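**Q** Once you've looked at the hints, dock chain B against the given chain A.
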Amino acid sequence: MRFRARIVDLACLNHFSRIINTIAKLAKTCILRLTVCKLYFILSDKVANGGASMWCELSQGNFFDEFQMEGVAAERNEIYLELVPENLSRALKTAQNAKAVKIKLTNKHCPCLRVAVELPSLSSSSRIVTHDIPVGVVPRRMWNDFREPSVPDFDVSIYLPVLKTMKSVVERMKNLSNCIVIEANLSGEMNLKIETDLVSVTTHFKDLGNPPWASEDGCQSSLQGRDLESMAEACIDIKKLQQLLAGQQVNPTKALCNIVRKRIVHFILLHEEVSLQYFIPAIA
Amino acid sequence: LALRSVNSSRSAYACVFFSSMFFQHYCWTTVSQPCSKEKQFSLPCKLIIKSVLPVFRCVNVMEKNVEKCSISTNASAHHITFQLLCRHGVVKTYNLTFQECDPLQAVFAKHMCPNILKVHSRLLADVMIHFPSSQEEITLSVTPVKVCFKSYTEEDTDFSRTMLTEIQLSPEEFDYFQVGVDSEVTFCLKELRGLLAFSEAMSVPVSIHFDRCGKPIAFSTEDLLLEASFILATLCEAEEAAASPEAARCPRPCGRYGAEGALRCSGTCNHRGQAQRSSPATTGGRRELFVRAAAFSRPRGLRLKSSKSFTNNKCPNFVSQNSYLYKYCVFQFHSLFFGAVSYKKEAFGGTLQSLATASDTEEELGALHGSPV
Chain A
1 MRFRARIVDL ACLNHFSRII NTIAKLAKTC ILRLTVCKLY FILSDKVANG
51 GASMWCELSQ GNFFDEFQME GVAAERNEIY LELVPENLSR ALKTAQNAKA
101 VKIKLTNKHC PCLRVAVELP SLSSSSRIVT HDIPVGVVPR RMWNDFREPS
151 VPDFDVSIYL PVLKTMKSVV ERMKNLSNCI VIEANLSGEM NLKIETDLVS
201 VTTHFKDLGN PPWASEDGCQ SSLQGRDLES MAEACIDIKK LQQLLAGQQV
251 NPTKALCNIV RKRIVHFILL HEEVSLQYFI PAIA
Chain B
1 LALRSVNSSR SAYACVFFSS MFFQHYCWTT VSQPCSKEKQ FSLPCKLIIK
51 SVLPVFRCVN VMEKNVEKCS ISTNASAHHI TFQLLCRHGV VKTYNLTFQE
101 CDPLQAVFAK HMCPNILKVH SRLLADVMIH FPSSQEEITL SVTPVKVCFK
151 SYTEEDTDFS RTMLTEIQLS PEEFDYFQVG VDSEVTFCLK ELRGLLAFSE
201 AMSVPVSIHF DRCGKPIAFS TEDLLLEASF ILATLCEAEE AAASPEAARC
251 PRPCGRYGAE GALRCSGTCN HRGQAQRSSP ATTGGRRELF VRAAAFSRPR
301 GLRLKSSKSF TNNKCPNFVS QNSYLYKYCV FQFHSLFFGA VSYKKEAFGG
351 TLQSLATASD TEEELGALHG SPV
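Quick note, the sequences are listed as chains A and B, same order.
If you count by UniProt numbering, then the first sequence holds residues 1 to 284, one letter each, in order.
If you count by UniProt numbering, then the second sequence holds residues 1 to 373, one letter each, in order.
The following block holds chain A by itself, in its conformation from the complex:
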């Protein structure tokens, strides 16, 4: 099992760091899956995570100028590593003006991702900062736990409002209640509601637009006949929503959510080079 990769472009490095920062805000521990073409950050929906799950996918070619890997076996040329994304975030944090960053899988005392940052220095030779991040190698028999989640059969799909606005609304609501109700309809309207014994607050968004989803038989007939005004709602843990929004440092190209009434809310945030899906189950 081998892995080595290198980033030399500062813009790519910053972008990659931002993605890692976002992941670090969502999960304390997650799985990094490496294939020849892509990297995936996966959080499976175990109870320990509060049932939330995450799937983040990026094409390595958009970030690394060198990327070599050799998986566990020839027919499954993949590597699954369990790591603490905060460590990776920290290692990259001080690499803002690095000449190059190399990442390598090593096994000195234990399996580690070695991040070597080459920094400019006043002298002729560069300064090299090495961070050894311990990782756990996930055995093949457990790989099935980390399959890509399918898009749920949602009741409503809607584009999210400007994330910055949504974030500040949710942050204030967080002080008042532990759970928040997201409801939306197919007319581009969304409400965020909290309700406690003392107070209830609702923020209304409209004209958000609903993304067109092609259904399996190629037509959208299943949507017709649905009441465009009726709201589909789900009550979710407000902290998870806040973490998701707080981790977004750049505005995504597309941001939408799919709501399955009283079951789950599925967020999809798309940037040019990375896609992030986050599932927050509804609180019973």
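Incomplete in silico selection of chain A near chain B, CB under 7 Å:
1. N87
2. T94
3. C110
4. S121
5. S123
6. S125
7. R127
8. V129
9. T130
10. H131
11. D132
12. I133
13. P134
Here are the simulated BS3-like pairs of lysine-lysine, each with C-alpha atoms no more than 25 Å apart in a straight line:
14. K28/A x K164/A
15. K102/A x K150/B
16. K99/A x K146/B
17. K190/B x K93/A
18. K38/A x K254/A
19. K102/A x K25/A
20. K25/A x K93/A
21. K174/A x K262/A
22. K108/A x K150/B
23. K108/A x K93/A
24. K254/A x K193/A
25. K104/A x K146/B
26. K99/A x K150/B
27. K93/A x K167/A
28. K50/B x K68/B
29. K206/A x K254/A
30. K206/A x K164/A
31. K25/A x K38/A
32. K193/A x K174/A
33. K28/A x K46/A
34. K206/A x K239/A
35. K28/A x K167/A
36. K146/B x K102/A
37. K93/A x K164/A
38. K150/B x K104/A
39. K146/B x K108/A
40. K167/A x K193/A
Treat the hints as calculated values from the structure; they're not laboratory data.
All figures in this text were calculated on a predicted structure; none of them were measured in a lab.
Here a beta-carbon is modelled for each residue, glycine too, at the ideal position from N, C-alpha and C.
**A** Same frame as chain A, now just chain B:
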């Protein structure tokens, strides 16, 4: 004026000397004690750091509001008076009781150290930033061609849970680089952060003097008016210490010392023993760590004084507050006084009584925190 402090496990010692010229006005009147044969040249006293800090709490606010700061005492009153003369005629007076104490001094012959590095504080800050703020100990490893700072690890470190960081620098990055002996010393980074912040604020180079592991490492900065040093104990490997010639010199077996930083001695009494966290700072009354046979120039030299105070109740355990002291106290003195110089100079006149010691002796405002650890 000297400010000194030691941490509770005696593994870090800090001192800052202010030349009398640092102050706008500096006056000392010796007081002769009726019962002692000679005049008392200094007034060593200790204050609780937690009491002093609130006086100098917010640098920014102080820079705008405070016009002058005066520190005064007289020997008969057992307090030191800090007076902040602020704008609009506001005067804040703080009377802090002090306790007399035996002088707290460390002796460390910097010029006897085989390894000396001098580097701008900016570089040190850039190096330390790569370590998490929770990183306790780091190891500095030098050879004539390489300098490396890395997270400290020991045999029973759980590598599967710890992230390790290592920074390699070339000797060319240092303003002065002398490595007489290859060495690897481990010291407590947390204790040092105060000096790092201070020297970065002053933007001065930092000198690092050290030897092999087990011997202390000194970080110091100086400019025309003040000199700050942090002397930290370093961890030592038992085997190395046992082999060192000094081991034979230790005259008697030393047992446990203090509640924290217990020094355990290995079989052949090697007074450095197997230091756990802190080290060989002081052993039962003797300041072995800091003893070097050398002459020191006054007043800057750190002199040897046999100090029994650490074994008696006068100097209780302290909580390490050096970093706060220097971050808040010293730095604010610095800016305060320079600010004051630019205001109209009014004579202090009779408002001050006898003040701090003259420049060739020291008043020890050894600031020590007296709460039990």
